[in-house]
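Asks: Listed below, chain by chain, are the residues.
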Amino acid sequence: MSDDQMVTIQVDGRELKAKAGTLLIEVTDAAGINIPRFCYHKKLSIAANCRMCLVEVAKVPKPLPACATPVNEGMQVYTRSPLALAAQKGTMEFLLINHPLDCPICDQGGECELQDIALGYGNDASRFVEGKRVVPDRDIGPLIATDFTRCIHCTRCVRFGAEIAGIRELGATGRGEHMEIGTYIEKSVDSELSGNIIDICPVGSLTSKPFLYSARAWELVQRKSIAPHDSVGSSLNLHVRRNQVMRVHPRDNEAVNECWISDRDRFSYEGLYSADRLTRPLVKKSGNWVETDWQEALEAVAQGLKRARGTSGNRLGALLSPGATLEEFYLAQKLMRGLGSENIDFRLRQSDFRAEEPAYPWLGQTIAQLDELNAALLIGSNIRKEQPILGHRLRKAALTGAQISFINPLELELNYHATQLVNSPAGMISDLAAVAKALGGYGGLIDSAEVSDVHHRLAEQLRTAERATVLLGNIAVAHPDYALIQGLARIIAGNSGSLLGYLPEAANSVGGRLAGALPGNDGSNAQEMLSNPHKGYLLMGVEPGFDCWNPARAMETLGQAEFVAALSAFRSQSLEQVADVILPIAAFAETSGTYVNAQGEWQSFSGAVAPAGESRPAWKVLRVLGNLLDLPGFDQVSSEEILAEARQVAGDRKPDNSADGGVAYERLLAGVGLTRIGDVPIYALDPLVRRAASLQKTRDAIEASSRINAREAAMAGLADGDKVVVKQDKNSAKLRVVIDPTVPDGCVRIPAGLVGTDTLGGQIGDVTLEKA
Amino acid sequence: MGFKNVPMSVAKPSVNKESLFSPELRAEIDKWIAKYPQEWRQSAVMAALMLVQEENGGYLTTDLMDKVAAYLDMAPIAVYEVASFYSMYELKPVGKHKICVCTNVSCMINGSDQIVEYLEKKLGAKLGQSSADGRYTLKEVECLGACGGAPMFQIGNKYYENLTPELIDSILAGLE
Ligand code: SF4
Ligand code: FES
Ligand code: FES
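Sequence lines, in order, name chains F and U. Just so you know, we're using my numbering here: the first sequence kicks off at 1 and counts up by one. Just so you know, we're using my numbering here: the second sequence kicks off at 1 and counts up by one.
These aren't lab readings, by the way, just hints derived from the structure by calculation. One should not assume that every hint holds.
Here are the simulated lysine-lysine pairs, DSBU-like style, with alpha carbons at most 35 Å apart [to be verified]:
1. F/K187 x U/K126
2. U/K121 x F/K132
3. U/K67 x F/K43
4. F/K187 x U/K139
5. U/K98 x F/K187
6. F/K697 x U/K67
7. U/K92 x F/K209
8. U/K139 x F/K132
9. F/K209 x U/K12
10. U/K12 x F/K42
11. F/K132 x U/K126
12. U/K92 x F/K132
13. F/K187 x U/K35
14. F/K734 x U/K12
15. F/K697 x U/K92
16. U/K67 x F/K209
17. U/K17 x F/K697
18. F/K43 x U/K35
Partial list, derived from the structure: chain U residues whose beta carbon lies under 10 Å from chain F [what the hints assert, rightly or not]:
19. F3
20. M8
21. S9
22. A11
23. K12
24. M74
25. A75
26. P76
27. A78
28. Y80
29. F85
30. Y86
31. S87
Away from chain U, derived, C-beta distances all over 12 Å, residues of chain F [what the hints assert, rightly or not]:
32. A118
33. D199
34. H249
35. L518
36. G523
As the structure is a prediction and not an experimental result, all values here were calculated from the model. Cβ atoms here follow ideal geometry from the backbone N, Cα and C, with glycine treated the same way.
Please build the complete structure, drawing on both the sequences and the hints.
Replies: In structure tokens form, the structure reads like this:
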């Protein structure tokens, strides 16, 4: 019998068709027939250990588990026959033997699979008089609360760890009555996807620590949303109570996030309620910040911008967060253009703008297609932490045999086998040139490249694979020679028949372009705006000390402006240092809008809660500013109206990574001395996540430090824990030395976007270390 | 536990395998590894744990289990799972002679209760405990597949069957 032969089965008298060999539970699920289950999960391997799904099958003397029984022709299944019910009830009785039945004090109460199924299959009273098993709770980190006494040993969490998260940390130790789920040793569960075990645990054994004891499931209203951090744009359900986001869950979307979300998307909502949330407009009066009303603040901004503009719009510049909505981008650029300024940008973490960029850069393929790759070369990307869901997709490809390789200035902690070529940022360029040469590329620095075995191997992997891709990540974008990287990547992709793809940094890095939030003719880009002082600036969602490629220079340049207006959801020291007026805007979940994700999908969402305090959605603020400045075309009454307008401007542009651009650029990064690698850690990406308290306690929230390998440390006479003064350009910072074997020779990893490194220069560049 | 599409080995094999165990011990473990296909060196985990336990005076520590994990390129938790599942591995120090008394059905029917009682009195230690002089540890185990000779116990790698108090006396007297 071939595998895709269709068979007909009968379930409770209903005729169903299915592919031979499909698991019975999949067939009944698809037909809407309910079979109780605990251990089965559609994305995990079959364990068949809970026995809750037992059903009767004609001609089989004993009940069979529906989750582990393949269907075949003529099978007759009874899910509610006396035999099936007796089996299910018996299983339930066994499951409840050791379960504490502490539902009134359990956070899962009201949304517990055990509670629900016990209602249908359990008895009123227990016949079990012996003592129940008690398991001590374990501390497995700041995100997940444990109560292992409630565990029913379904092993979903263990399988999730091994199969999806790719880290085996949880396990089942002991045997029989003594079996326990846990880490065995004192250990936190560190994965960028760990929060998903909260969802898959059918009982209250694993629950959300930040949400613990704060609300009951039945008090929550569920609202749809889209994740605001990386360019995946995962589908979310926000759970709201009394105008507050209480927690965030994934919403199934096979094409994007399947049924998972990253911890960043799940727990960043905490930032909404951080102490430095801005709820009233602020103006600086003789050096002091005072709260004021909207009228005064808006007037101040309009006047300030007008004054700074004087006779030429070119004196103004706008720096926008790549996490802004499409509507916000659209109105902001319209405002600037209305004032006669073409200086608009959101590419705040890019320093090299020499290359022509594609008009609509994107992943180069759909997100789901990543699963099917046979080979991939990632350049300057820590995909696992930068776009966790895409990292998970890539891992799926790797587990089915895809050859994945990385060219990076850091050795990554990966959860699959891959080739990692780790070199200094300058060395990365040489490696890329060598791979390009191995693929028959020529011209410029390619001709002088030295090709070694590993370059040949990477080239061959891409060339021989049926489906291959070359992807550019966040570290590539921050590279001082990004133009060269793009040119080389284009040659490598072109000559090997691979798709070239960009891994956009933020939720709306793609949307910003479509909305036209880029410099126009002769306009200045972000680097130019932040190096040559303009008279006036408009900042939206930006903390200059944390969100810019060169924070020290950004602060200095903004400090020299006559007038800086900022739209921000948060109070922020670095903002308050340079701004003159700060207008409070709605944050994630509080406004409607649209994000365009890495696969070029426009995803609109509505607000789930009202904006905090007196803050207002940024699009409304921009519209009123347009009115106050007497600009035409600022009378939209809804974000949908703005979206319609933006759509017209964007036209039916299709995602497209093509661009002219070779490799005829001078190398800007010599890399002779010590080079700083200033990657942005996963929980430092944007203002919201930087304020999410629980995420900041995880192992991934690394502190400001100066990380070098043991060889470099020995040469510089430094030891782990020493204090050093890091000098970059004319800036300095005092940091702790951490010996880190993942950093290549000639480099020091000093992460960006953190308190303590915000006084330094560009993310990648020359630095010196001196023992303090 | 079998996992879908997931190799049992860790993504980053440990490089310093030589530093983990003595050359003799490594040679012993390698013999077991050689019995399995190359990509399944993890299959040697049970034998490796036995060998390491033996060399460590009869019990395993977390540190030793971590070393076994590193040697076989396994996640440490996967080794803890194995070591905590089987009763032949000890996770705490034990006496010089470990007496594993079967109390499963056949042995129970044939008087394992009295055997346990006699041993407990003789050694002054309850099941799961060691005698005061640290010479013996008494351990309750499930069926060891010697039901035909019930009641029985195991000391070291030897089975002693059809036990009686007198027989126990002479067996214990005969141990070094
Ligand atoms: S903790 Fe939850 S998910 Fe894990 S085995 Fe127990 S019941 Fe299943
Ligand atoms: S769901 Fe089938 S045995 Fe658990
Ligand atoms: S019951 Fe004791 S050996 Fe089988």
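Asks: If a hint holds in the structure, say so; if it does not, say that too.
Replies: Hint by hint, here is what the structure shows:
1. The suggested pairing of F/K187 with U/K126 holds, with an alpha-carbon distance near 33 Å, which does not exceed 35 Å.
2. Proposed proximity of U/K121 and F/K132 is supported: the alpha carbons are some 30 Å apart, at most 35 Å.
3. The suggested pairing of U/K67 with F/K43 holds, with an alpha-carbon distance near 32 Å, which does not exceed 35 Å.
4. The straight-line distance between the Cα atoms of F/K187 and U/K139 is roughly 30 Å, inside the 35 Å bound, and the hint therefore holds.
5. The hinted pair formed by U/K98 and F/K187 meets the criterion: a straight-line CA distance of about 32 Å does not exceed 35 Å.
6. Restraint check for F/K697 and U/K67: satisfied, since their Cα atoms lie roughly 29 Å apart, inside the 35 Å limit.
7. Between U/K92 and F/K209, the direct Cα distance comes to roughly 33 Å. Compliance with the 35 Å bound is thereby established for this hinted pair.
8. Of the supplied pair hints, the one linking U/K139 and F/K132 holds, its CA atoms being roughly 23 Å apart against a limit of 35 Å.
9. Straight-line distance between C-alpha atoms of F/K209 and U/K12 comes to about 31 Å, which keeps the hinted pair within the 35 Å bound.
10. For the proposed pair U/K12 and F/K42, the alpha carbon gap of about 29 Å is at most 35 Å, so the pair holds.
11. Of the pairs offered as hints, the one joining F/K132 and U/K126 holds, with about 23 Å between alpha carbons and a cut-off of 35 Å not exceeded.
12. With a C-alpha separation of about 25 Å, the suggested pair U/K92 and F/K132 falls inside the 35 Å cut-off, and the hint holds.
13. A hinted pair counts as satisfied when its Cα atoms are at most 35 Å apart, and F/K187 with U/K35 qualifies at roughly 34 Å.
14. The hinted pair formed by F/K734 and U/K12 meets the criterion: a straight-line CA distance of about 33 Å does not exceed 35 Å.
15. Between F/K697 and U/K92, the direct Cα distance comes to roughly 34 Å. Compliance with the 35 Å bound is thereby established for this hinted pair.
16. Only pairs whose Cα atoms come within 35 Å are accepted, and U/K67 paired with F/K209 is accepted, the gap being roughly 33 Å.
17. This hinted pair checks out: U/K17 and F/K697 have alpha carbons roughly 34 Å apart, not beyond 35 Å.
18. With a C-alpha separation of about 34 Å, the suggested pair F/K43 and U/K35 falls inside the 35 Å cut-off, and the hint holds.
19. Taking 10 Å as the C-beta cut-off, the interface hint given for U/F3 holds, the closest approach to chain F being about 4 Å.
20. About 9 Å separates the beta-carbon of U/M8 from the nearest beta-carbon of chain F, less than 10 Å, and the hint is met.
21. Here the hint on U/S9 is kept, as its CB sits about 9 Å from the closest CB of chain F, short of 10 Å.
22. Interface restraint check: U/A11 against chain F, minimum CB-CB distance 6 Å, threshold 10 Å, status holds.
23. Because the beta carbon of U/K12 sits about 8 Å from the nearest beta carbon in chain F, less than 10 Å, this interface hint is met.
24. Satisfaction of the interface hint for U/M74 is found here, the shortest Cβ-Cβ separation to chain F being roughly 8 Å, below the 10 Å cut-off.
25. Look at U/A75: its Cβ gets to within about 4 Å of chain F, closer than 10 Å, so that hint holds up.
26. A cut of 10 Å between beta carbons decides the hint on U/P76: the least distance to chain F is about 8 Å, and the hint holds.
27. A least Cβ separation of about 6 Å between U/A78 and chain F falls short of the 10 Å threshold, and the interface hint therefore holds.
28. Interface restraint check: U/Y80 against chain F, minimum CB-CB distance 4 Å, threshold 10 Å, status holds.
29. Nearest Cβ of chain F to the Cβ of U/F85: about 5 Å, under the 10 Å cut. The hint holds.
30. Hint status for U/Y86: holds, given a least beta-carbon distance of 8 Å to chain F, under 10 Å.
31. Below 10 Å, beta-carbon pairs count as interface contacts, and U/S87 has one with chain F at about 8 Å; its hint therefore holds.
32. Consistency note on F/A118: stated as away from chain U, and its beta-carbon is indeed over 12 Å from all of that chain's, at 26 Å minimum.
33. With a least CB separation of 19 Å from chain U, F/D199 remains clear of the 12 Å interface cut-off, as annotated.
34. Residue placement check: F/H249 keeps its beta carbon more than 12 Å from all beta carbons of chain U (closest about 24 Å).
35. The claim that F/L518 is not at the interface with chain U holds, since no C-beta of that chain comes within 12 Å of its own (minimum 39 Å).
36. Chain U leaves F/G523 outside its interface by the beta-carbon criterion, the shortest separation being 46 Å against a cut-off of 12 Å.
Comparing the model with each numbered hint stated earlier shows that all of them hold.
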